[in-house]
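Below, each chain spelled out in residue letters.
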Amino acid sequence: MVSALYLIAAALAAAFLLGLLKEQWRGAAYAVTLAALAFMIWVSAGWLWAFALEGAAPVEIFTAGAEPPFAINLRMGLAEAALTLLINLTGLLSALYLKDALSRLGRRALAVLLIAIMALCGIVLTRDVFNLFVFFELIVIATGGLVLLSDDDHALAAGFKYLIVSQVISVFLLVGIIFAYHATGTLNIDGMAGASLGLKTGGALAFFLMFIAVVAELKPFPANGWALDIYESAHPAFSAIFSAATGAAALYAVDKLLLIGGADWLPVATGIGLVTFVAANILALPQTNDRRLLGYSSIAQTGLVLAVLGQRDILGDATPYIAFGLLASHAVAKAGLYWLSGLVAGRALADWAALRNRPLLLFAFVTFICMLAGLPPFPGFYAKWELARFLAAEGRLALLALILFGALVEAGYLFRWLGYLIKREAPAAETACTPHQATAVFAAVIAGWALGFVWGDLSGRNNLLLVLPLLFALAFLLLEWLPAWTKNTLAIAGMVGWFVLTWTEYDPLRLIFAVIFLIGGAITLLASYAAHGRRIGFYPSAMLMYAGMAMLIRATDSFDFFAAWELLTVGSYFLILRGKHSEPHALSYILFSLGGAFLILAGFALAAQGAPHFDIASLGQLGQPAQPLAPWIFLLLAIGFMTKTAAIGVHIWLPGAHAEAETDVSPMVSGILLKAGLFGLFLLLMTMGRQRLYGIELTHALLWIAALTALLGNLMAIFQEDAKRLLAYSSIGQMGYALFGLALMNHLGWLMALMFVINHYIYKAMLFLSIGGVAKRTGTREMYRMGGLIRMMPLSFIPVLIGIIAVSGVPPLSGFGGRWIFYNAIMTAELRLPLVVIFLAGPIAFLYLFRLIHTIFLGQLKDEFRRVREAPFWIVLPQMIYVVLLLVFAVVPGLALRHVDAYLNRFFPEGGLGWTGPAITSSYGYWNPIAIMIVVGVIFATLLAWLLFVNRRAQKVRQFNIVFAAERPFRPETTHYAWNFFAPYRKAMGFLVQPFVTRFWETLTDLLHTAGDLARRLYDGNGQSYAFHFLAFVVAVFLLRGGV
Amino acid sequence: MAHLAMATGFLLILVGFYGALTNRNILRMIVAFSIADTGVNIVIVAVGYMRGRSAPILDSTVSAADALARIIDPVPQALVLTAIVIGVGVTALMLAYAYKLYEKKRSLDIAKFTELKW
Amino acid sequence: MQFEWMKIPYALLTLFIVVNFGMLLGAFIQKIGARVGRRHGIPVWQNHIDLIKNYGLRSSITHGTMFYLGPVFRLSGGVGLLLFVPTIHGSEMFSNLSFAGDLILALYFVFFGALGMALGAGESGHPHAAIGVTRGLSQMSMAELPFALATFSIALQYQTLSITDIVAAQQGGMLNWTLFTNPLAVAAAMLSFLGSMMRPPFDVVLAPQEIPIGPPTEYHSSYLALMQTNRALFPIAKIVIYMNLFFGGAASWPVFFFKVFLIYLWSAFVGVVFPRFRVEQSIRWFLVWAVPLGVLSILLV
Amino acid sequence: MIKRFIAFLLLIAIGGIFATLLIGYTPDAELNLTARYYAERTAADLGSANIVTAIVVTYRGLDTLGEVTVLFLSAAIVGLVLAGGRQRTPRPRAPVGELLTTGTRLLAPLIMLLGVYVFVNGHLTPGGGFQGGAIVASGVLLLLLADPLRHFSHGLISAIESLAGVFYVAIGLLGLLLAGGFLDNRILPIGTLGDLFSAGAIPLIYSLIGLKVGAEFASMLASLSGTEEL
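Chains as they are written, first to last, in my numbering: chain A, 94 to 1137; chain B, 335 to 452; chain C, 298 to 598; chain D, 20 to 249.
Just chain A, with the same shape it has in the complex:
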């Protein structure tokens, strides 16, 4: 191995050498710089290789031939190797990116860049506090120089503000160092740590000064205004270094100092880090300038890592894994985003829509955003999981809650941005991207995925990037050049194939879900054959969702479950985002989903109590420390899952998301995706069962929520003018029923929930396809604009007819089976009042369904639709399959239900159904689906035959042949009664559907925004104020710590 000293020596030698080159030899100077940086990368990569793969021991590097503490020494270990590699790589890529700017400014600028990178390495390597100070000052000065690479005039002011504050910081650092030296007689970090500085006279205070000064380099809230200005105005390539490399180095410096400070100072680090994390994220919310937003986000991420470092007392050996996981995610993503920002002409977030015309750059952006948000399979995801595990085990719940809250806020602005990118109007200007710039950006993308792989490998769990379904989904990224129908065939084949491979593994319950997720998904995909072109982005997203679901049902470990959960969330988010006007809805979907996911994460973490692997099945037998927390765990998990099923209160994302999605996406996200939440609830109730919290039976609370969800979902559905929205609200109501069945906690209740799972899949997928087809042909979703379409689109009418009979539970179709089981189930219900609510919900379903079929297909045909064609074949085909399925399931529900019924005996031995002959019996009643079907069929057929006989000469009349107050109308508009269809109902019951919940969430987000907007007035742009902030920060920390 080459001594780590060469990192410093090479950079310096090259920097000095540059001075010897003639000013005109720009190319040569640039080459020397790149060569030096490449050499440095080689050195640190070599060390990383040695440590990570060959298990080499850390090396102490002495200078001046004397032992520490008498001479400065450096250390090269795993962390140092990784960090220097990160720094050098960022440096090299930024240098590539900066080619034009650097060539313009010449060798001096190159030298400054080299020295900056060298100094960052120095900070990481050195074990001497004063040496640390020297390197920090080098960074300060180099930053002062590199800021000027920017084309932005304001960079000058920003640089000066930075220098002002740096001066103040360095005063504190120097005073701290000299007193620490006085107290311990050494300048060596390990020496100081060994001499227990804090116990010496004045030692604690000296440490405080050093600590606060180094922490200030992390830009803690509120002492960070100067850094934001730099982020905003500097050249993006420098901001990349400033964010990724400087942040990493400063964090490591703090880490070293914490070694000196010992356990006493860990809470301080945590506190500062956490406040910074949360505050910076809230401050970022109202940002519109991209680079400043990234600046806030950098500060927040650094704060988070600081908080993690402060938790090393409980994280122990896992600290590097977690901290570096978060740090690496942040660094790679942030560097990548800054590089990208250089390609975007405008500085407003919406200007980034320019990237949309460049799919590869778009992919890069998405990668970075997902990394930042800590989504799988990136390192941040693993880190977050481990962090939650440890925090929950030690009962540091407030901390966990704050971290998750901050992460959610962060996801809020990141995904809002992503939405702008994908949905906003792209500027006409072409995005210019030189090969150098592209190299930098894509190197970051590759690094991101590679890190994801490494972290998965190190996690001691399933490496997500080796899981077959996920790989299959990701493979579609490489297949994007294929036409859509090829990809569709591949996708269907893959899903069916996976089902065939795995179906023997499932118990009956899981098998039902597996069939719906995989086979059901494949059927819905048939509709996608209707799409033309390449459909960029559709297949990776859809397959990601399905991969998540496939992994979800197979998961036994809580980690696998959670990872699958996040994957399906992300996949479905991108799917939903594809809709024309779905930007705000996709955002609210992902936010609610992530919020729910965080609750699930917290729930699992609490339940595991630090155990590295936690089997979901053992939720039922929690260990001692977790046992008293069981109701809380239940609550967290239940709410988490309920965000996916859109229970009332957390339902507001659903209508928009489902309604605005594309024609073939709506059935996927409604018919299939919602079942993931139910699956979670099934697992939860199966394992944890009943829990009491403050004397309240939680399943009873669930009953109430479910009943209200059913009622209000249905009620809101009847007042919709938009057909797809109507169906979406209806899903909320239906999920309420299913949840109700689960919460009943008896055999039949669960059976009913399963019945709903199957039924809802079939008819909701069918209805969404049918209505989607109609909307596609007519170009509108407003029902009152349609009417009389039965003549134009009879094939789309049939599924709707069948569908509404099924949904409303009218015999003889399968919906009735659900209702019958429901009534039998509630016979033993413990709580009767919620039943009243759900009774009320029943007939209301009938209302909106009638509206759906009437206002679209019946009534008067409008002039503009006289030439409308039937929906495309590929959209009709799956509907017909569903019709057949529905009829089959109506006649022989036992096909699916019998096995599940038997399986449920395991949990509720009593109250099962009897399956003797064609009749199905319970302890209260009986039901014979075949007989019903035959009786109804025979009566119907007889009467029809009779009518046909007596009325054989019926004459078809024209559209307006109606008695209309003695007039013959001729305009369909005046005769199609469709708008505000249930006006009397609104008068009577409208008070129940005031958008209270929407208002609540809106107020909440508004409050956050306002808070961010007010708080950021703190950064008034005056360099002096920033110095004030820093001093106030010092004093505040000092006082809060109780005077050290």
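None of these hints come from the bench; they were simulated from the model.
There may be inaccurate statements among the hints.
[To be verified] Below, simulated DSBU-like cross-link-like pairs (lysine-lysine); rule was C-alpha separation at most 30 Å, straight line: (1) Lys446/B with Lys22/D; (2) Lys439/B with Lys22/D; (3) Lys350/C with Lys328/C.
In this text, all values refer to a predicted model and were calculated from it rather than measured experimentally.
Once you have looked at the hints, place chains B, C and D on chain A.
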């Protein structure tokens, strides 16, 4: 003696800070920081001072053998040298910045350079 | 209970009896209403005459498939409802096709006809048909609620969902009737009953006097005949359920005729006394008066 | 006014922190561990009479390298900042006066010589590369004052600066290769304590530092002097 020097040093730091916080003129701020830097340097040197001993240079008066008992702590002296030089570097940089800022706005008022905020 | 082929002729016999009884009863009740209003009223065989006339009419038009199917749905609903419920308690002959399902089947099958009718009327393209349907559905959704609550209450009370078992439990004296064992449920159900009989104050759905509105206006000839058959059949089928659930059922045809008449009379009685509600008024009325009774009956059972 | 008041309050608090440090401070009676090592071993190990120099150049040589780099950076950046954009337009100005011109002619070489003396003897007497370099630069300043329009050869200054730097790093690496570690001065014989040619590479390094510092200051001064006409 050491206390006195140290108190002076601290006082200079505070004076420098006060000047930097209350003067809006950039040049005055730079001067104020120089004062604070000087204060820090004095503090550093004061920490190394030991009553009745001489500078850490071996010559006819202090031989290598009795150095242990005769010289003061050399480390702060080495450190202060570095600190001074770094201070000079930063000051030079700030002056250059001040010049450029003035060139841009024809003003040295720090409160005028607030385009970047929030 | 198993299916036997013999059940079919028996069922048809029931059907025949009930249709004729229904038509006579309907006319009789009309007459009572007219007499209260100091009018002479129609002869009791008027419904039979109308039916024959309508079947005899030769002019017939159609607006489309659903229009054609509407009356079929409607009558299927009525016939099915009647046949899924045992008519005479203890008689194997007149237990009809109740082997196919229990109370829940009957409750949900009520919607079958309403749905088909609404669809058919909808296709006629007449805006008033649609308005009538919205009114009808809105009112029904709330009117059915107290009945559903009451039903559930007595299902809990008797711990069964089988109508036969519920009737059986009420045998052995009047005091065993649900009317006396669970008066709250019966009260709720009887209020609900008013809402589903299309008589004042809940007849705004049809609004027969003022405007030519809704399905009966658009349909004619044999369509109307089918619907008229249903008009005769359906109320009786519903009353049979009420009778079975709350009033001890009927062990023989005379008792059957008598009880059905009395229950029918209740709606006529209220109808001639009260003026008409608008839809939102009736919804509120059910919500305020009937639903709480139903809730209480469930809680107290 | 409020600003002053807040500043005052903050500084009182900071002053409180400093006061605590001050009150808690007790001067050492004995040399501490590190200082003791230096006092005992410097002469024998490194052969440098000036212990501070030994620390600066050798024991904490990395700091010093950084320090030199700080100056290098500052000079580069000052050059970068000030070179940007503006074309130099010499304006006629009043002559600086006979006294200054003549004095400069006399003094400048002497000052330079003194500077060289100071850094060459850095390992023996107080002073060293930085001090010597600063003195050399002050000579340059004098020249600039005497003739503001004088063009220094930027090429020469920068060549000196760079070469000195490269050699400095090279010597450091030689230490790594031939002796105990980076910047170990014992690549050359340490000689007799007190001799000019003693203390191994220390005089050499310090001379390089002196040259470099002088060159850097000079280039900074030259750059700054270009700002005069504003």
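To see whether the hints hold, each was checked on the structure:
{"no.": "1", "hint": "Lys446/B with Lys22/D", "result": "holds (16 Å)"}
{"no.": "2", "hint": "Lys439/B with Lys22/D", "result": "holds (24 Å)"}
{"no.": "3", "hint": "Lys350/C with Lys328/C", "result": "holds (21 Å)"}
Consistency note: the structure conflicts with none of the earlier hints.
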